[in-house]
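**Student:** Residue strings, one per chain:
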Amino acid sequence: DTAVSQTPKYLVTQMGNDKSIKCEQNLGHDTMYWYKQDSKKFLKIMFSYNNKELIINETVPNRFSPKSPDKAHLNLHINSLELGDSAVYFCASSQVAGVYNEQFFGPGTRLTVL
Amino acid sequence: EDKVVQSPLSLVVHEGDTVTLNCSYEVTNFRSLLWYKQEKKAPTFLFMLTSSGIEKKSGRLSSILDKKELFSILNITATQTGDSAIYLCAVGGGGSNYKLTFGKGTLLTVNP
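Those protein sequences? They're chains C and D, same order as listed.
Read in order, the letters of the first sequence correspond to residues 1 to 114 in our numbering.
Read in order, the letters of the second sequence correspond to residues 115 to 226 in our numbering.
Treat the hints with care, as some may be off.
[Claimed, not checked] Computed cross-link-like contacts, DSBU-like style, restricted to lysine-lysine with a CA-CA straight-line distance of at most 35 Å:
{"#": "1", "chain 1": "D", "residue 1": "K154", "chain 2": "C", "residue 2": "K71"}
{"#": "2", "chain 1": "D", "residue 1": "K170", "chain 2": "D", "residue 2": "K181"}
{"#": "3", "chain 1": "D", "residue 1": "K171", "chain 2": "D", "residue 2": "K155"}
{"#": "4", "chain 1": "D", "residue 1": "K155", "chain 2": "D", "residue 2": "K170"}
{"#": "5", "chain 1": "C", "residue 1": "K36", "chain 2": "C", "residue 2": "K19"}
{"#": "6", "chain 1": "D", "residue 1": "K218", "chain 2": "C", "residue 2": "K44"}
{"#": "7", "chain 1": "D", "residue 1": "K117", "chain 2": "C", "residue 2": "K22"}
{"#": "8", "chain 1": "C", "residue 1": "K52", "chain 2": "C", "residue 2": "K41"}
{"#": "9", "chain 1": "C", "residue 1": "K52", "chain 2": "D", "residue 2": "K181"}
{"#": "10", "chain 1": "D", "residue 1": "K154", "chain 2": "C", "residue 2": "K67"}
{"#": "11", "chain 1": "D", "residue 1": "K182", "chain 2": "C", "residue 2": "K40"}
{"#": "12", "chain 1": "D", "residue 1": "K218", "chain 2": "D", "residue 2": "K117"}
{"#": "13", "chain 1": "D", "residue 1": "K155", "chain 2": "C", "residue 2": "K9"}
{"#": "14", "chain 1": "C", "residue 1": "K36", "chain 2": "C", "residue 2": "K52"}
These are calculated hints, taken from the structure and not from any lab test.
It should be emphasised that the depicted structure is a prediction, and the values quoted were computed from it without experimental measurement.
Construct the complete structure from the given sequences, taking the supplied hints into account.
**Tutor:** Rendered as structure tokens:
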């Protein structure tokens, strides 16, 4: 059974377009995260939601907007895509907020902006 | 700003060798240090360390934390080709909203 799943796995699009990535976890966790991993493999937190409430919002352009319809889902919408947005985006979840809990990662979505 | 530095950035060894990967950190309100292994896709969890001097062990992998000197090491003994991966160190801390800060990782290549 897939614990944290993301769709799509690959996304190729033109600059200026708007796109969404979806994430779902079936672990019953309260907290979900979005990370960006750039070409140098540097993994950086973008957002975190705890029970549908935004709790971490790093310095991310406001073209990125997360949405959590329920605690099992955290979607990421990106407006006006730019070349620098090309990266692998990982969704993750943990049982509760806070760093005493292991985070489980999804398989990633490779976004390529042309 | 929170900082996690891993060394070396890359390492090439032969099967059977023992390797030590390093992670040093500067984090506000340190809470935990985690090691992840990333092969082709998602990082997978290896260890979480919260106390100094207590070794965590899983098979050929072990890790220890030194909260006074602000570093951790990950040891892999009798390496196998399947150990080839990027090993990520992440430190949990921060202010009112805890978060994980990742290092850039160590790319380990184990040759037969």
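**Student:** So which of those numbered hints doesn't the model satisfy?
**Tutor:** The structure conflicts with no hint, since it agrees with every one listed earlier.
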